[in-house]
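Protein chains: 2
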Amino acid sequence: MSNILIVDDELKIREIIKKYAEFEGHTVTEASGGLQAVNICREREFDIIILDIMMPDLDGFSVCREIRKNSSTPVIMLSARGEEYDRIHGFEVGVDDYVVKPFSPKELMMRIAAIIKRSSKSDSDMVKIGGLCIDFTGRMVTIDGKNINMTPKEYDLLFYLVKNRGIALTREKLISNVWGYDFYGDDRTLDTHIKLLRKNLGEYSSNIVTLRGVGYRFEASANQT
Amino acid sequence: MSNILIVDDELKIREIIKKYAEFEGHTVTEASGGLQAVNICREREFDIIILDIMMPDLDGFSVCREIRKNSSTPVIMLSARGEEYDRIHGFEVGVDDYVVKPFSPKELMMRIAAIIKRSSKSDSDMVKIGGLCIDFTGRMVTIDGKNINMTPKEYDLLFYLVKNRGIALTREKLISNVWGYDFYGDDRTLDTHIKLLRKNLGEYSSNIVTLRGVGYRFEASANQT
DNA sequence: CCCAATGTGAATTTAGTGTGAAAACTCGAT
DNA sequence: ATCGAGTTTTCACACTAAATTCACATTGGG
Chain A
1 MSNILIVDDE LKIREIIKKY AEFEGHTVTE ASGGLQAVNI CREREFDIII
51 LDIMMPDLDG FSVCREIRKN SSTPVIMLSA RGEEYDRIHG FEVGVDDYVV
101 KPFSPKELMM RIAAIIKRSS KSDSDMVKIG GLCIDFTGRM VTIDGKNINM
151 TPKEYDLLFY LVKNRGIALT REKLISNVWG YDFYGDDRTL DTHIKLLRKN
201 LGEYSSNIVT LRGVGYRFEA SANQT
Chain B
1 MSNILIVDDE LKIREIIKKY AEFEGHTVTE ASGGLQAVNI CREREFDIII
51 LDIMMPDLDG FSVCREIRKN SSTPVIMLSA RGEEYDRIHG FEVGVDDYVV
101 KPFSPKELMM RIAAIIKRSS KSDSDMVKIG GLCIDFTGRM VTIDGKNINM
151 TPKEYDLLFY LVKNRGIALT REKLISNVWG YDFYGDDRTL DTHIKLLRKN
201 LGEYSSNIVT LRGVGYRFEA SANQT
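Here the protein sequences line up with chains A and B, keeping their order. My numbering puts the first sequence at residues 1 to 225. My numbering puts the second sequence at residues 1 to 225.
I should point out that these hints are in silico values taken from the structure, not numbers from a laboratory. Where hints are given, some of them may not hold.
No distinction is drawn between identical chains; accordingly, a pair holds when it is met within one copy or between any pair of copies.
Subject to a maximum C-alpha distance of 25 Å in a straight line, what follows is the list of computed DSS-like cross-link-like pairs (lysine-lysine) [said to hold, decoys possible]:
1) 146 <-> 128
2) 69 <-> 173
3) 146 <-> 106
4) 146 <-> 12
5) 69 <-> 128
6) 19 <-> 195
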């Protein structure tokens, strides 16, 4: 269902959360410390991050602040009882929710479900792949909330690729659907636009997979380079 | 953005809400008890009131009932876990929403935003984007309170753009909706009116985004130049 | 290693939009 | 009727972003 990152120095806590989360159908990645968490987040996107406050190397707030620099992934903080005051620090780093330890795993799962539900907007026609978001009604593309400037052809090409994500598309099919069946032009035109599109997609450029001798396929899932 | 009254006997809860709310741009007033809240409400109006149920002097329901005697300000109740029964009670006194403690600050903020949006929508037919305000009933446009003189066509065009803000509008769609389906005129007519409209919108001119090869889109959010 | 397929940068061409000025139209006041 | 201020439309042209081409580099499979 969702990709969850659990960050806690206590193995037992991680195991409990992992067990429950996997039971709910989520995919879990673990980090035993703050620094490790920051490094993992630089490499890949998660749908939700569960973050302990008290950790020996780097505390939860610092981790959250670091993550927020290039991602808006929801964060749930785990605080030990009595650390009430810490809640106040959360606002400036953009914490989404708190759960006080010792917590009920079921409650945590419910909060995860609530956050996932609210972050997946269903009011307009759009596709999200990690931090990449294609809004069809607005003809708009954003990466981690930042607007990406797309030329008409780039957008049309991306649109067709994404609409048929996970499916192998021949060059002929792409050309006739994006340019029109009557397009007669250079062979390199498609490559060039794929190139431009990849450049624009930045970290998501590798989601456009080249199928040698065939064409291209848009990878449906977020990439974990 | 809005004036919020927070009523809770716990200082920490008030502090958390205040921090988050001020971060969102709201102005916050605090009351540490029910009686104080009632007194403050007699003196001034708020856009929204966040009200704890359990308070030593006067409980949330009584406060709400008292406030409702001469105001229809939206109220969000904070209830402790397990106080399910109170929900039913709440509807009788005119509560707008509930948040169960311990709550997610972000969720509370979203509910505040939802209520503000809802109440501002119903009482007057207007759209605000930053300092730009389009009053449909009055057919009036203001920027930072200053009246903007609009020619009929300019207004009609802006009206259609704003009504469909966030949506990519083709030139054809714009033409047929603003001029009429049977308009047969120069290609440059639309551009010219977009030009005039942009000139009139001043700092908000960039909210009309050109979608090359397609048309235009009105950006829903305020721009930060 | 070879070769066909794909990637790339730069140059060129094309197409779409912005703009100013002038013409044409509207409509109320004289 | 006529005027005239304000408004709308047209048009020629400027501008520039975008599409395409092409020569050459790179890659990956047999």
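Comparing the hints with the structure gives:
1. Proximity of residue 146 to residue 128 under the C-alpha cut-off of 25 Å is found in both arrangements, the shortest distances being 14 Å within a copy and 22 Å between copies.
2. In this assembly of identical chains, the alpha carbons of residue 69 and residue 173 never lie at most 25 Å apart, being 40 Å within a copy and 40 Å across copies at closest.
3. For the identical chains of this complex, residue 146 and residue 106 are inter-copy neighbours only, at 21 Å across copies versus 34 Å inside a copy, given an alpha-carbon limit of 25 Å.
4. Taking the shortest alpha-carbon separations for residue 146 and residue 12, neither the intra-copy value of 38 Å nor the inter-copy value of 34 Å comes in at or below 25 Å.
5. Taking the shortest Cα distances, residue 69 and residue 128 sit within 25 Å of each other inside one copy (20 Å), while across copies they are farther apart (29 Å).
6. In this assembly of identical chains, the alpha carbons of residue 19 and residue 195 never lie at most 25 Å apart, being 42 Å within a copy and 45 Å across copies at closest.
Taken one by one, the earlier hints fail for this structure at numbers 2, 4, 6, listed in ascending order.
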